[in-house]
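**Student:** Spelled out, the chains give:
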Amino acid sequence: MTDPHATPERPALISPGYTSGTVTDKISEVVLKKTPRWWYAGFAVAFLLVMMLLYAIAYLFAKGVGIWGVNIPVGWGWDITNFVWWIGIGHAGTLISAILLLLRQHWRNSINRFAEAMTLFAVGCAGLYPLLHLGRPWVFYWLFPYPSTMGVWPQFRSPLVWDVFAVSTYATISFLFWFVGLIPDLATLRDRTKNPAARIIYGMLAMGWRGSARHWHNYDSAYLMLAGLATPLVVSVHSVVSFDFASGVLPGWHSTVFPPYFVAGAIYSGFAMVLTLAIPLRALFGLQDFITARHLQNMAKVMLATGLIVAYGYMIEFFLAWYGDDPYEVYMVANRALGPYAFQFWALIACNILAPQFLWIKRARSSPAFLFVIAIIVNIGMWLERFVIIVTSLHRDFLPSSWGMYHGTIWDVATFVGTLGLFAALMFLFIRFLPMISIFEMRTMLPEAKVEEEPK
Amino acid sequence: MTTREQAGRSAADYAPPAALEAIRRGALLTGGVGAAAAILGFVLDPAQFYRSYLIAFVFWLSIALGCFALSTLHHLSSGAWGLMIRRILEAATRTLPFLALFFVPVIPGMRVLYHWARPEDVAADPHLQHQALYLNVPFFIGRTALYFAIWIGFALVLDRMSRRQDRQAGGEVRGAPRDPRLTRRMQMVAAPGLILYCLTATFASIDWLMSINPHFHSSMYGVAFVGGQAVSALAFTILVTLWLSRRPPMDVAFRPTHFHDYGKLLFTFVVLWAYFAASQLIISYQGNLPMEVGYYRTRTHGGWGTLSLLIIAGHFALPFFLLLGRDLKRHVGGLSVVAALLLVMRWCDLYWQAAPIFSPDGPALHWLDAATMIAIGGLWIGLFAGQLARRPLLPVGDPALPEALNA
Amino acid sequence: MSRAPRVYGLMAEFRSPQELVDATEKAHAAGYRRMDAYAPFPIEAAWEALGHHKSRVPLLVLIGGIIGALAGYGLQYWVAAVAYPLNIGGRPYNSWPAFIPVTFEMTVLVAGAFAVLGMLALNGLPMPHHPVFNVERFALASRDRYFLCIEARDRKFDPVVTRNFLKSLGPTEISEVES
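Protein chains in written order, with this note's numbering: chain A, 934 to 1389; chain B, 520 to 926; chain C, 44 to 222.
It is worth saying that the hints were derived from the structure and are not from the lab.
Simulated pairs of lysine-lysine, DSSO-like, Cα-Cα distance not exceeding 27 Å:
| # | chain 1 | residue 1 | chain 2 | residue 2 |
| --- | --- | --- | --- | --- |
| 1 | A | K1127 | A | K967 |
| 2 | A | K1383 | A | K959 |
| 3 | C | K97 | A | K1383 |
| 4 | C | K97 | B | K783 |
| 5 | A | K966 | A | K1127 |
| 6 | A | K1383 | B | K783 |
| 7 | C | K210 | C | K199 |
| 8 | A | K1234 | A | K1295 |
| 9 | C | K199 | C | K97 |
| 10 | C | K69 | C | K97 |
| 11 | C | K210 | A | K1383 |
| 12 | A | K1234 | B | K783 |
| 13 | A | K959 | A | K1127 |
| 14 | C | K69 | A | K1383 |
| 15 | C | K210 | C | K69 |
| 16 | C | K69 | C | K199 |
Across the chosen pairs, the derived CB separations fall in these ranges:
| # | chain 1 | residue 1 | chain 2 | residue 2 | range |
| --- | --- | --- | --- | --- | --- |
| 17 | A | R1227 | B | R909 | 35 to 41 Å |
| 18 | C | A126 | B | H820 | 28 to 34 Å |
| 19 | B | I714 | C | S59 | 43 to 49 Å |
| 20 | C | T215 | A | F1073 | 56 to 62 Å |
| 21 | C | R99 | A | Y992 | 50 to 56 Å |
| 22 | C | S59 | B | N925 | 18 to 24 Å |
| 23 | C | W139 | A | V1072 | 28 to 34 Å |
| 24 | A | G1337 | B | I714 | 35 to 41 Å |
Because the structure is a prediction, the values reported are computed rather than measured.
Cβ coordinates follow ideal geometry from the N, Cα and C atoms, glycine included.
Here chain A stands alone, though its shape is the one from the complex (with noise of 0.2 Å):
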C-alpha cells in the first residue's frame, strides 16, 4: 500500500519530525504525569451532575416515572428523546473506528481512541433512559428470554424486544472493539510507568502483551473482524431504534425510510459530539500535532453529507404524506410546522438543515472556533428532531378527543443534565488513565514504520 498522506495537497496527519519514541512518550505522558488543576476542576463539575442525576433517579424509583412529564396521550418524552440522541452519539465513535478503518482511511487513527470512548459512554447513557422508564425498572431483567417461574417469554415481534438485543449488543461488541484496542497501549503504560500499583494494574489489563508477530498478526486479524462485525451493527442498532417507531402505524412515525435517515441522523450527531470533545481536547492538551486541521475538516465533510442525507428524509417524508392522501398524516406535517410544537420544528430545521450549509466554505471548514459552535447547533438541533418526531406524533393522532400537551418537567431536565455530567464524569476519568489516542495506531503511519517489500 502506498503512503496516503504526504502529497502537497493533503498536508500530513501527523507534524512532521516525531518519531516511535516521542510519539510515545507524548501521548502516554498524558496519562503518566501529574494530573492538571483544570481536571479536578472539570470532575468536579461533573461529579456534581452525577450526584444530581442520582438524586433524579432516586426520587423516580421512589415517586415513579409520574415526576416526569409524560402522560397519556404523550408517554414517550425526554426519556426516550434522550435515548435515541445518546445513542446516536455513539455511532460516530463505531463509525469512525470501524468505517474507516475499512476503508482504510488513516486520518482516523488519532480520533478512533476517544471516539470509541465516547460511543461506550454514551450508549451506557443511552441505556439508562429505557430502564428508568420501565415503571419498575428493578425488573429489568423480563425484557431478556430466561425460562422464568412464570412460563412467559418476550414477544419477539415487537420492536422493543429487538431494541435490548440491538442495544446490549451493540455495548458488548462496542467495549470488546475498545478494549481489543487498548491491549497493546496497555502494555505501553505497563512497561512506561512507575507506579507499582499502576503497573499491575495495567499489566493485568494488558494480559501480557508482549507484541511479538504472532500477537500482532492474530490481532490484526481480530481487529479487522470486529470492524466488519460492527459496521452493519451499528447500522442495524440505529435501524431497529427507528423500526420502535416505523412499527407503528401513527403518522409522523410509520415512514420505510426510517432506518437510513436515522441512520445517518445518528452520524450526523455524532460526529457533532467528537467535534464538540475534539476541538477543546487538542487545545487543553496541546494535540495539535496529532488531531490536525485535516481531521477537523473531515469531520466537517462527514457532517455536512449526513445533514443533507437528514435533510432528504425530511423532504421525502412529507412530500409523500401529501402524495399518499392520507388525512392523518397530511394533518401530521401541517401540525408540526404550524401547530404548537412550531418553534422546535422550525429550530431543528434551522439547526440540522441550515446551520451546516456553512460548511459549504473552506474557510468555515477550517476554523475549529466556527466548527465548534456549528457542532454544539447540530447538537441541539438532532436533540429537538427526536423530540418533534416522537412529541408531535403523540399528542395529536387519531382521536382529536384525545389530543394533549406534553411538557418536560424539572426531573426531566436533571436527568438529561445529569447524563451529561455522567458522560462528562466517565470522559474525564478515561482521559485521566487511559491513553486516549491509540499509540500503536499513531506508530504505524510514521515513515519509519515503512517496510520494504521483497519482490517475490
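Given the structure of chain A, go ahead and fit chains B and C onto it with the hints provided.
**Tutor:** For chains B and C alone, kept in the frame of chain A given last:
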C-alpha cells in the same frame, strides 16, 4: 512489466483495443435485430410492448445513471478505485443523451402503463384526483425532461473537465505539472451533481415505477432505487474490466488489489440494497397497513412468491456468501460471474416491482420482455463501446494516477 | 521433570522494523524455527518472514456467526411458535420478517465474541508472565525497539553458535533471556 515502468507511459499506451470496434458493430447489429423484433411485437401487442419496454428502459438507464453516480462519488472520495474505472464510467455517462431518446416510446404508452394517465380511472378514484396535481401527463413529461437535462448537463461538464485534464498532462502519466485546481473544480461540480442525482433519481423512481401501483407509496422507494442502480452500474463496470483486463493494454494495468476493491464495493452495495429492501419489508410487515401489505401480498403468493425467493437468494444470499471471502474478490473471472448474476437479478427486481400490477397471479413472461431488452441493450452497448473507444482507457492526466496504478 | 533449559533463549535488539524483518528472514533461512519477532506495532512482513501466512481468526468468526444466527433464529422460533405461541395481529407464529433483526444481532454478538476470545486463545493470552519480560530492555518493545528472540527449544539452538549468528545480523544489543 512492473508498475514503475507503467508510470512513465503515455496516453498512446492506453489506447483502447481495436477489438472494441467489433464489439460495437456486433452489439449494434444485435440491437437492430432486437429492435425489429420489438417493433413487430408492438404491432402485434402494443400493451405488452409498453410494459416490457419500460422495464428494459429502466434497466439500461440504471446502468448509465449509476455510472454517473459512481463517477461523482469517485471525484468526491478521490480513491484509487475510481481512477482505474473512470473512463468506463465516463463512457457510460456520455450515452445519457441517447437514453433520453430511448425514453420517447414510453410517452405514447403512458395510458397503458399508468392508471393516473387514464382520465376514466382518475374520474372514478378520488385518491388519483388528489394526486393529479403531481401525476399528470404534461408534468410527468416535463419532469422527465428536467431529470435528463440535469443528468446530461452534469455528466458532460465532468467529462469535459476530465478531458481537459488529459490535455494538460500532454498525454503523459508523469508528464507536465498539473493544475490541482482542476481536481478541486471537478469536486465542486460532483458535489451538487450527486445531491441532484439523489433527488432526481428518487422522483424518477416515483414517477416511472412507484406510480404504476396506485395507492402504494413508500418513502424508501427512491433510496432502494438508488441502491439498485449502484449495484447495476458496478456489476456492469466489473464485466467491462473483465473484458479489458484480458487484452492489452489494460492486462498489465489491472491488478488483483483493484479487483479486490471492486469486490468489496460490490459486496457493500449488495448488502446496502438488501438492507433497504429488508427495512421496507419489515416496516410494512409490522405496520400491516392495507396500502403497503397489499403490495407485498401480491408478491409473496403464487409465482410472484417464487420470484421473491429467487431474488432473495440471487440478489442477496448467494452474492453475499460468494463475496464474503477474500479469494473470489481478487479473481476477476469469479467476480464477473457474481456481477453477471447480479445484473440478471437487477432485471428480476425491476420486473418484480413493475409487472405484478398487470398479472397479479404470477409472472407472465413474454417474448417481448427479451426482445426489448436486446433492442435497447444492443444499441446501448454499441453506443457505450463507441464512446469507450474515443479516449485513452485511463485518465492519464490525473495527478493521483501513478498512485492508483501502484495500489 | 524433564530437564528444562535454564535459558529461554537469546534476544537481539534492533533499531528499525526493516532491520527486524531482514534479520528474521535470515534466521529463518538459517534454519531457526522456534523464534518470535517483537515490535511496537504490527509488521505483516515480520510474520511472513517467520514462515507463516494465514490467521485462523476469520474461520473462528465465521463459525461464531453461524452459531449465533442459528441460535438467534432458533430461539425466536421456539419461543414464538412452540413455548409461548401468541397471535399478534394475525401474523403467523413463524413471523420470519420480524425475526430478522434479533437474528442479525445474535450473529454479530457471537461472531464478535469468537473474534476476541479466539484471538486471545490463539495468542495464549492472558499470560501475565513470560520469560522475555526478564530482559530489562524488553520494556522498549512497546515503545520504539524491535527484538528477535530465538528460543533454546529450537533444534538448531546452541548458546555460542546462535549468539554469533545473531551478532552477524548487526543488532544493537544481544541479551540472554532467563527462563
